[in-house]
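> Sequence:
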Amino acid sequence: MHPTESRPQLQKVLVSSVLLGILIFFIWPYLWAIPTGIDDSMITARHSENLARGNGLVFSQGEKVLGTTTPLWALISHWIFYIPLNSTGHGVFLCLLGGVFALAAIVIWSRKNFPTSLPLSCVMAFLLCVFPSTGEAFSMGMETGFLIFLTVLLWNSLLFTPEKEIHWIKIAALAQAMLLTRLDSLFLLLSISMSYLWVFRERSRKPFFKALGAITAVTLGWLIFCKVHYGHFLPHSMVAKSGFSSSLGETVSQLISQWVPKGAELLRLGFPWPLRFRSILQILYAASVLGCLFLPFLNWRNLSKRERFQLLSALLYLGSYSAFFAMGKAGIYPWYSHLPCFVWFGSSLPIMLREFHKTHFRVVLVTLSGLALMIQFLVFLGLYQRGSTHLSNLQLGEYLRNAPCDSVMLEPIGFLGFHSKCRKVMDLAGLVSPDVLVYRRQGNPGWFFEAVVKKKPQFIVLRKGEVERNLGFNVGILFSSEQQREAWKKLYQEVSDELPWQKEYSLYRLVPQG
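Position in the sequence shown counted from 1, then plus 8, gives you the working numbering.
Because the hints were derived from the structure by calculation, they are not lab data. Warning: the hint list may mix true and false statements.
[Stated by the list, open to error] With a straight-line cut-off of 30 Å between C-alpha atoms, the simulated DSS-like cross-links for lysine-lysine are:
1) Lys218 with Lys120
2) Lys429 with Lys472
3) Lys429 with Lys498
4) Lys462 with Lys429
5) Lys120 with Lys72
6) Lys497 with Lys511
7) Lys429 with Lys497
8) Lys313 with Lys218
9) Lys497 with Lys472
Work out the full structure, taking the sequences as your base and the hints as a guide.
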């Protein structure tokens, strides 16, 4: 074989090796965190498990409360619980499922943007994989990987398909799936629609509006079903998290202004060094990303319509999403903003890679790559050191499962609610517990004690030392007076056995009355 003929084959081998390396690099840090995954993902997992067990799409048996904001993801993943595994096995399976969708989306997005250049597609895939929070948020059971997968398919259908071959029925189905996966996809769909109508003004709008009508009809049908069956239009967890219905939380501007001071404070506190550096690096990386993403707009006139559409859609998505949270309390904004930030970064990345020959693009991409690699390494160290907390979640869940536990009150609810299998979980954050949210909305010191006296759960889980400090995680002041604390001690007794999870949590059992 002539040496020149072996070059394409050698290139394929090298590219395949790089893709395999990306896959391993993307997955390996998070294997340490299995089997508990991310707390929010376990909330949907419990909905899926109840659905598989015939209890309906609910968090607690016997209650008609839609607590998950991701009903389609619960429907898709519920088949996992037909497999004869323990809760740990189901957790591992769910984690890997989210990662598979995320990786598929990244590979498809990269190859579609660089169909004739395997090296560039590998570089794009690598940068998307090491984007801060990509692995943590897109895998480990989260529905975000599936949502990104749907987003990429929708975008590719509009960007890379000739106008006459666009199948609007398929596009409407993808858009509908995005809305049922997570309702805040509405901002993304609106941004895509507005950008499409403006950038591709010469195209026929009739098929587009037909698809839009189909999406609206199905969405209204789903909302009507929720109102009739559950008694509310929106998932209760979405209502509880919204600052429009709660006195808790901060505005986006307050949160952003606190990022740097909080990062500096981490350097002075007794946190593990990996967590301290990770905080600072993420601040630097976020600043770099926000700065570099404006570079493609400097070359706006030379961009193709496809590139303009992609950039404009992503920018409108991030802007509308941020504006929505800025109007009210937005304590959850930094967590959920990773999706629009990822979409914005992924939309600008192909343009920056094509302009890599220019010095400013080259400097930005090299800097981002270096910061991303350091963050990914520190993520691994942070997850490795967090293993004791994950183990405590699993051990406490197993203890409650063997108690057995009929009702428990706690926060957060994901890990322990999933692993304990308690029939009824009362959520101190109010995400799946409307009756508890009534007290939480009042915001009065001691609302926790009032809810406890009214509901009297069999068990209560608090973090170690919270009763003594009179301050609960995501709860606030537990008791408004010393009299309330004394009354609490008569109602609940701490389980004082020597148990492995007691360094992390305190478990209280209702004292039998009379």
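> So, for every hint listed, does it hold in this structure?
A quick look at each hint next to the structure:
Restraint check for Lys218 and Lys120: satisfied, since their Cα atoms lie roughly 27 Å apart, inside the 30 Å limit. Restraint check for Lys429 and Lys472: satisfied, since their Cα atoms lie roughly 22 Å apart, inside the 30 Å limit. Straight-line distance between C-alpha atoms of Lys429 and Lys498 comes to about 27 Å, which keeps the hinted pair within the 30 Å bound. A distance of roughly 23 Å separates the Cα atoms of Lys462 and Lys429; the hinted pair therefore holds under the 30 Å criterion.
At most 30 Å may separate the alpha-carbon atoms for a hinted pair to count; Lys120 and Lys72 exceed this at roughly 43 Å. Annotation: proposed proximity of Lys497 to Lys511 holds, straight-line Cα distance about 20 Å (limit 30 Å). In summary, the hint linking Lys429 to Lys497 is supported, as the alpha carbons are separated by about 26 Å, within the 30 Å threshold. For the suggested pair Lys313 and Lys218, the alpha carbons sit about 23 Å apart, so the restraint of at most 30 Å is met.
Distance restraint check for Lys497 and Lys472: the Cα-Cα separation of roughly 16 Å lies within the 30 Å cut-off, and the hinted pair is therefore satisfied.
Figure legend: structure checked against the earlier numbered hints; the only hint not met is number 5.
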